[in-house]
Amino acid sequence: MSLNAKQWIVAILALLFLSALLIVAWVEGGRARVVTHPESIVSSQNKDCVSCHEVKTPGIVGQWHESKHSESGIGCMECHQAEEGEIDAFNHEGKLIATIVSPKDCSRCHEREFKEYQASHHAEGGKILGSLDNVLAEVVEGHVSFDAMGNKSSSPAAVSGCLQCHGSEVKVLEDGKLDPATWPNTGIGRINPDGSKGSCSACHMRHDFDLAQSRMPENCGRCHLGPDHPQLEVYTESKHGIAFAANRERYVPLMSAKEWVPGIDYEQGPTCSSCHMSATRNLPVTHDVGARISWTLRPPVSEKIDAAAKKMGKDVKPWEDRRSDMKDVCLSCHSPNWVDNWYIQFDNLVNLYNDKFGKPATLLYKSVRSKGLITNEINFDDAIEFTYFFLWHHEGRRARHGAAMMGPDYTQWHGMFEVAHRFYMEFVPELKEIIEAGVKSGDPKLVKSAHEVEKQLDEVLNSEMHRWFLGKMDDKAKAARDKARKEFKKRYARE
Amino acid sequence: MLTQAWSWFRTRVPFDEELLRHLSAEPVSGHLKRWWWCLGGTPLYLFMLQLLTGIILTFYYVPNPEQAYESVQRITMDLPFGWYLRSFHKWSSNLMILAVVLHMMRVFFTGAYRAPREMNWIIGFMLFGITLLFGFTGYSLLWEQLSYWGITVAANILAATPLIGDVLANFLRGGTEVNGNTLTRFFVFHIGVLPTLMIALLICHVYLIRSLGVSQLEGDRPSDTKTFPFFPDHFLTELSIGAFLMFLITCLALIFPVGMGDQANPLITPEHIKPEWYFFWAFRWLKLMTDTNAVITQGIFIAFIMFWPFIDGVIRRRWKNSEISMFIGILVVLYLLGLTVWETVYLMH
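Residue numbers (my numbering), protein chains in the order written: chain E, 29 to 523; chain Y, 3 to 351.
Just to be clear, a hint being listed does not mean it is correct.
No farther apart than 30 angstroms at their CA atoms in a straight line, the calculated lysine-lysine pairs in the BS3-like style are these [what the hints assert, rightly or not]:
1) E:Lys-34 - Y:Lys-276
2) E:Lys-460 - E:Lys-506
3) E:Lys-504 - E:Lys-476
4) E:Lys-143 - E:Lys-199
5) E:Lys-483 - E:Lys-504
6) E:Lys-286 - Y:Lys-228
Think of the hints as simulated: they come from the structure by calculation, not from any bench.
Bound-form chain E, shown alone (with noise of 0.2 angstroms):
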């Protein structure tokens, strides 16, 4: 081949190059880029909220940046958007808005999310004011007054107290304004002007909406936390929460993706969300926080979690198929004996509080309340009424969540030793005062109430659980307690 033909061949094959670089460029020019930390997107109608808000609330906007809302161009109007004839709409600089975004309007975008909330447990946390927390709230800690027309002022201890975490019942002011005893407030149950339950950014924090955040612990613990539910508390206790904090600083840069599924993403120390609301190889994730729960645990006697339910004909998940799916999240790690095991100890526990404490302990409580020994209208004017309290809304839980989250140390010393030293110390002494006090009034009927009352506490307390109390422990447990007493003596030499 001559040379001129040779330099004509690297010619052609250079402008081939060349001409495939332009396809190349082209190719360049029309991809849509997956950005791994884009610009925010600042549509149109969200420009002139962004640039405002930017100089009079920096942070919030910030927060917007960090978004993955701001990556696709999810900005201001698109959650704070109202319709016309909206209680709680305004006007701001031109734009009819709302400053609460329910979870009604979360669900324009997020629809599975809101119906699984909204059927949960926690969208009926505002519902409290006929509970004993909110007398304790409204009345025996704070006070509410009412005004000619029968409305309601608001107990402080209950605004800033029980409602941040239960939800407030919004109200819109004549003017417009929302009511400032019901908001600011983002508690789990919060009753919305729209007529939706909750509120989203009670776990999921504006304006960032990071999955990171919303999955660590502290996030429940906003709430879950403190004497009569420590489950934050129990959490850090036990070898999942020990494990976290262990793994912690390798987990947050990856606990922001969409899947966080125990066993492939990560292979220990899962918090709160991963057991209750995840997704695992077989289930998908769930906003229903008690749809993996089998027993209650929060009222003095426990059952099983859709046992309300049934009695009421309600049709629910049954607590055997929610305790199935626990034991699925449970299996991305532990064996089936294993898991099976824990199962029968944790039963074990609950049971044995409610048969031990809770049942008698109400029992006899409801008892003298509605035999008349102390006053059955007036809650909490009897030391007992806050000695049953405390054993069962404190101590009583303390030693079943600490069971139900691998907490020894409260399932014993913060609950089991609590709830018993309770019993026998404060509850039965009380009792017996209370059972004397109607033996010596000389009213006939409250006499006779004394001795009905003595008599169900004598057979409580001579039952087989509790007659070691009045030392009538059987022989066989007693030398068997002999026996172990001078095995422990003989081990620390001190006989």
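Given chain E, put chain Y in place with the hints provided.
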């Protein structure tokens, strides 16, 4: 003006212009006009392309298990022309391996490895090994499932080596597990150790070609005994091949752009762990026997090919003009091709 500038430059950087002219115009054997005699220059050209695209990719790649996958994703999805750069790097590497194999076959079947060129065959074979290691360390850097489990399998194979298995496997992984240490050393190998070795051996390879001269083809046609100057004749041939390769790689990048596999996850073992196509033969061989037997037999096989010029020398001294090398060569090609096709068919099902 230009003359003045050239003179200024020559005064400050003196060199023998005549020698340069002589070196670049060195007569080249006539049979090199056949395109398959350019297969040696092809991998060299592709290696230079790999160096260039690799350097740019290194600007954006983060060699950390937490960020490696994401950084590759960013290069592919976010960086302007990043997808093209990565696709080019990948296709160029595949073509480089293919070109090296074809070059070796040409050298083997034309007997160009025979005395006095035995050492250059061994150097060339080492260059082939380095090319394969480039491929292996390269796709490991993506920190995809294929990367993670590829390294895991490779380490397990090495661990099966008698006596020193554990030492080798631990060296590969940087410990007893595939983790950040592994990624760091793969990165160092891919962008530091292997290029340095490659360049050093390439210098030796080219030096030996130049000093020993290009081998003459047995049974050459009379016209092929003529020579032609390296520059511009052969240079233009190489340039046309270079331009064609650029075009071909760009077309491949456009038609088959690189994507992203699943991120490395030690918790999920993929249903099929598969290496790149150029390791299929070894992977299939591994499945046919125990790991230790596979390592021993493959070690023997590699040593056999590497030192074939000496074995062939002994055979040819014993049986003059023996053509057993052709028979052996065909057997080896069929063996490698057969195992590769077998594994491909298996993976397709």
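Given hint Lys-228 of chain Y paired with Lys-286 of chain E - CA-CA distance at most 30 angstroms: The hint is violated at about 69 angstroms.
Pair hint Lys-483 of chain E and Lys-504 of chain E, alpha-carbon separation not exceeding 30 angstroms: 27 angstroms, holds
Lys-34 of chain E paired with Lys-276 of chain Y [C-alpha distance capped at 30 angstroms]: 43 angstroms, violated
30 angstroms Cα cutoff - pair Lys-143 of chain E, Lys-199 of chain E: Holds, at about 24 angstroms.
Hint consistency between Lys-460 of chain E and Lys-506 of chain E [alpha-carbon to alpha-carbon, up to 30 angstroms]: The hint holds at about 27 angstroms.
Hint consistency between Lys-504 of chain E and Lys-476 of chain E [alpha-carbon to alpha-carbon, up to 30 angstroms]: Not satisfied, since the Cα-Cα distance of roughly 37 angstroms exceeds 30 angstroms.
Violated hints, listed in ascending order, are 1, 3, 6; each of the other numbered hints is respected by the structure.
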